[in-house]
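Asks: Based on these hints, arrange chain B on the given structure of chain A.
Going down the list, the sequences are from chains A and B. Residues in the first sequence are numbered consecutively from 83, following our numbering. Residues in the second sequence are numbered consecutively from 44, following our numbering.
Keep in mind that the hints were calculated from the coordinates and are not lab data. For every residue, glycine included, the Cβ atom is placed at its ideal position computed from N, Cα and C.
Calculated lysine-lysine pairs in the DSS-like style (CA-CA distance at most 27 Å, straight line): (1) B:K125 x A:K456; (2) B:K141 x B:K125; (3) A:K456 x B:K141.
Okay, the calculated beta carbon distance ranges per label pair: (4) A:R312 x B:K49: 41 to 47 Å; (5) A:T394 x B:G189: 27 to 33 Å; (6) B:L65 x A:I300: 33 to 39 Å; (7) B:K50 x A:L331: 47 to 53 Å; (8) B:L142 x A:R108: 48 to 54 Å; (9) B:E170 x A:G111: 55 to 61 Å; (10) B:L142 x A:P143: 30 to 36 Å; (11) B:G72 x A:R312: 50 to 56 Å.
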Amino acid sequence: MPNLTTLVLQIAIIIVVARAMGVVFRWIGQPQVVGEMVAGILLGPSLLGWAAPAISAELFPPSSLGYLNALSQVGLILFMFLVGLDLNPSELKKGKHAAILTSHVSIVVPFFLATLLALYLYPRLSDESVTFAGFALFMGAAMSITAFPVLARILTERNIQRTSLGTVALACAAVDDVTGWCVLAYIVIVIRAHHGEHPLWITLIGSIAFALVMIYVIRRLLQRFELTFRKQHRLSENLIALIVLLALLSAFITEWLGIHVLFGSFLMGAVMPKEPAFVRYLTSKLESIAVVVLLPIFFALTGLRTSISLVTGPAMWFCCALIIIVAIGGKLFGSMIAARIAGMPWREGAALGVLMNTRGLMELVILNIGFEIKVISPAVFSMMVLMALVTTLMTSPLLQWIYPEGSREEVSAGPRLVPELAGFLAD
Amino acid sequence: MTPHSKKRLVFSYVLLVGIPVLGVMGVLGAGRHLTPPISVAGNWDFRIDPTASQAESCLADLGFTHSNVFSISQSGRYLTLKINNQPGATLIGDLRGKLVAANLSLLLAAHCNGALGMSLTAEVEPEGVPRVMAGTLKFEGCPACGTGHFQAARRELNTKLSE
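The shape of chain A in the complex, shown without the other chains (with noise of 0.2 Å):
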């Protein structure tokens, strides 16, 4: 049984410490989720676990991180479930060719990057129970990733969703986060197969058989949900609660493939009918308790698993300036040069660049994944912790400088779909 009174102040003191640092990092111009993220890295040994020892090991002993790290997993389950809800296929099929150009380097040249760096990293931060294909593999999965649902709410908040920057960015994001959890989940297959409970053959044609059930047969059924919404404008309870009960038996089994369980909630959410309304309905409905209580103690576990001590001199410290000159340059300077060359002006391809190189919570979730099937080492986890967080907070203030309000341009595109989802990440 988890000690209850510890567990309460744990919760307590999270929700406390992520709420004022979301306000503090508002106020500077930066996404509340900055500030979250942040909040975990000061209640972890980078700070608290520095500046005071004997209160750190009383506030999260590690026996208590079992219980926190439960809870933070379903707050992810459901998160990743709003993620899909909030992904639209016609994002993907918006056949601009800056878009397609674009969405594709910005994948493949961070990849490549990571994997080269990955060459100077496996024999100096890696150790022989993880292969280099595997460490390789996760380092460009893990690079390559954009935080769609931070890079919508900062198109939201500068209301430039709607201009040829804003419909290429997110469909370029779009395609980066299908593309990113494909490949990642390729990886968590190949290296879990070591290990796990299934042959390597019974986990990947499962995971090919569920993916092709949930997107032609189950997606068609889930379509009564937006049915009864239409006519009822509202869904009840229990239809609510059997939406849920749908994205655990997902996670359910894809955990069961031996993926993650994060994959299968996303796949249901992705497959979710997405008429707006019904959307913006759904993720009213299931944010708060995830976002105000869940994500913090997700923050909160990362942040206990991020060292700053662990990057000790000047090797250390040089690994990790690879790592974030690597992310950034191959992202955004990748984009940038892919969308010039697709024919968009300088300003608005370095604005892209700046754009996609946004990291944030998704790179936080690929790095936790990263640090349980232990392909990484907990100083890598930490470099790359630093970089998810340079990268985020770089986006807004170079966003600002580059693509001033002066600068924009309005297009005729249809609305954005479902920035809902991005929304809540700031309020």
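Replies: This is chain B only, laid out in the frame that chain A set:
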């Protein structure tokens, strides 16, 4: 879109997407030949050579008891070793081939009336299951403590160092 711009786009696509994809394949092939550091992460049951009795009181200051556990957190060549999970008893070190070297400075030791440093050197036997290491613990700044020899075995499949 004019045929010229189409051509340019296709060429750019091949250049910016195709070449990096081939590059990833090349890197994965090249990386197979890299040799990573051996794995030493985990909990190690740790036994001091009983003949080194002069070190006993100093070791007690560091939190050693009869049943000691070294917990090693590894990031490639870089190691953090914790003695019996005590916050103050953390050694920072590295791994070069099979050799572990770590040290701890500015530790207060009652038996030496002041600051005491400790360094650990050991050689890991990479073939054995459970993985074992043997080496020395050297106390600096306190001649009374001397040097202690130790053996350690990693807890793998619930195995423990035989007494």
